[in-house]
Amino acid sequence: MKIIVPIKQVPETSNVKMDPETGTMVRSGVESVVNPLDLYALEAALALKDKTGAEVTALTMGPPKAVKVLDMAIAMGCDDGILVSDRKFGGADTWATSYTLAAAIREIGEADLIITGERATDGDTAQVGPGIAAWLDIPLATYVSRIELEEAGSLKVERLIEEGYEMLRVHTPALITVVKEIASPRLPTLRGKKKAMKTEIRTLTATDLDVAPENLGLKGSPTKVVKIETPKVTRGGSLIYALDDESISDAVDKLFDFLKIKELI
Amino acid sequence: MSFVWTLAEQSNGQLKQVSFELLSRGRKLADSLETKLASILIGSGVNKETMEELISRGADEVYHIDDPRLENFTCETYANILVGLIKIYSPHTILAAATSMGRTLMPYVAVKVKTGLTADCTELDIEEGTGNLLQTRPAIGGNILATIKTPNHRPQMATVRPKSSRPLEADGQRSGKIINVPFNDVAWLDTRVECLGIKKDTVDFENIEEADVVVAGGKGMKKGDNFKMLKDLTSHFGGMVGATRDAVDRGWIGYPHQIGLSGKTISPRLYIGVGISGSIQHLAGIKTSEVIVSINNDPEAPLHKVADFGIVGDLFSILPEIQERLKGGTK
Ligand SMILES: Cc1cc2nc3c(=O)[nH]c(=O)nc-3n(C[C@H](O)[C@H](O)[C@H](O)COP(=O)(O)OP(=O)(O)OC[C@H]3O[C@@H](n4cnc5c(N)ncnc54)[C@H](O)[C@@H]3O)c2cc1C
Ligand SMILES: Nc1ncnc2c1ncn2[C@@H]1O[C@H](COP(=O)(O)O)[C@@H](O)[C@H]1O
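Protein chains in written order, with my numbering: chain A, 224 to 488; chain B, 98 to 428.
Everything labelled a hint here was simulated from the structure, so no lab data went into it. We put the beta carbon where it would ideally sit given N, CA and C, even for glycine. A couple of the hints might just be wrong.
What the hints assert, rightly or not - So the derived label-pair ranges between C-beta atoms look like this:
no.	chain 1	residue 1	chain 2	residue 2	range
1	B	THR288	A	LYS225	22 to 28 Å
2	A	HIS394	B	GLN420	21 to 27 Å
3	B	GLU225	A	LEU372	50 to 56 Å
4	B	GLU224	A	ARG458	28 to 34 Å
Build out the structure end to end from the sequences listed, making use of the hints.
Rendered as structure tokens:
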């Protein structure tokens, strides 16, 4: 069994501070990390590797420095990593990104299963996984919280939807996107880190892929960003201290008045 | 001029609320484009009265594809249908809800029909002169608002955040057409994915994205048992219980309740955060709430800073007081 896990490098947001006045992100010193939700995709793949000896390849599209996330994936236990990198890919929206990643997956060949994160924490679109499945014309299961392998080359998966958990049988090759509930990600090991140092990362450029140049990067992206605004975070609400019985009663009165004005009760 | 479409959602023959929210969005767009609004309904066993509700709440036409095999959403088959309809009718714009269905189906379809798609929009407008759809959405954890358009491709496609708009009042005077499109199973049915059923009776499951009121608890709740206090409040407000990642990771409540960057994004009319600091990851999931109330004993808690109404104090004294008021007081 061969599994490919597309992972993305994103700005580290856990330390991000907001400037409360301007509502902008304080970007200085923000590092790049692997998209936190992709760790669950890696874990899901590695758990299948533990069980069945599956071969797991991590795949990322990004600038040369994105190789860092592949090293980390290998340190966690992936067999190898592939970087898809070319200036021509720059500025791609989810349509062009999934196009390019699908071409890379075709070039790698013979994947039985592709596991992506639910969404990337920067763009927040959750569109690249389903997009890749569409380009490859393979079945798709999103928001997967449990995977069970079946004998006949199929998977039984559970997906988290509005009504509860839905069970699907999916015939491979297939693409699934996973949610946090699937498993808690393992940490990179020392041995893994050593392996990552020795493993040569293969780079695929536009000329290595069977792609139409007009579909790549910013030029190939159907969507265009018109403007970016930074909304003010503060709403200028009132803050009431309620530290003794009397002030508690008073604060709750004010809260109810407020909710009534807003027609919430 | 080609139409604006919205994708209705159903479950067990009942329309979901988002179907009507989308119509109120679609109505506004269709009016400013001076075109018609159609709702696409794929499913099984939806009756005529239910479809007429789509018309009374804004649709001019309803395209209905009904078959027992369409009872549960599967992406491939639904996508084949939608792609088939798009090829016949060439709509101008398609809106779907940013739900597990919309966020799965729309990117699959957008690739197949080679057009752009904007995820999880909170505002939609028409650009003067061009008819381009201006799609505004929060990104980077809600820290920026990006406006996006698809200038050279049609249809223009967007998913819209549930609860970010209100349905129109039903107007019985409105008339419209219901068009039954036969299910072409030879061309459309894909058997590579099979739905084996839905587990609804899972303990402690709620779909907080649909709630008008969410009362969320964090680490300040101290233990899982205390979440009962929140549950009690929600029973008065008709709401649901949410939580921070810390609370979920401690096993106090299940993952479906988690709000934020690695959980759900919600836009309720009222969000009450109790014992929640308001980390940037949590805020990412609540920023589009209409009203934010915060209860926290730390005056410096970031949630207080974004709240419309904050109470600085001990939640274990304040919650019972609120409870008391709700029980006895005028509702
Ligand atoms: C990649 C990544 C993704 C993440 N995703 C999410 C996510 O999706 N959702 C999420 O919520 N978090 C997420 N987090 C975690 C986030 O950074 C915070 O750790 C978390 O939100 C904090 O939860 P909390 O507010 O419950 O706890 P704390 O930050 O510990 O806050 C508890 C608050 O309770 C108050 N309190 C304590 N006792 C009382 C009392 N008696 N009365 C009143 N107030 C009291 C305290 O003053 C404090 O402000 C993520 C983190 C990372 C790195
Ligand atoms: N540039 C990329 N390289 C590799 N994988 C990606 C890339 N962008 C997105 N993905 C994958 O697609 C998922 C969804 O991303 P997004 O659609 O951007 O929210 C991520 O969790 C990754 O698994």
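Requested in this report: Hint says 22 to 28 Å; check whether the CB-CB distance for B/THR288 and A/LYS225 agrees.
Outcome: holds, 24 Å
Query raised in the report: Do the Cβ positions of B/GLU224 and A/ARG458 conform to the proposed distance bound of 28 to 34 Å?
Result: holds, 29 Å
**Report entry** Satisfaction of the hinted span 50 to 56 Å by the C-beta atoms belonging to B/GLU225 and A/LEU372
**Finding:** Holds: the Cβ-Cβ distance is about 55 Å, inside 50 to 56 Å.
Query raised in the report: Does the Cβ-Cβ separation between A/HIS394 and B/GLN420 fall within 21 to 27 Å?
Result: The hint (21 to 27 Å, Cβ to Cβ) is violated, given that A/HIS394 and B/GLN420 are roughly 52 Å apart.
Violated hint for the displayed structure: number 2, the only one.
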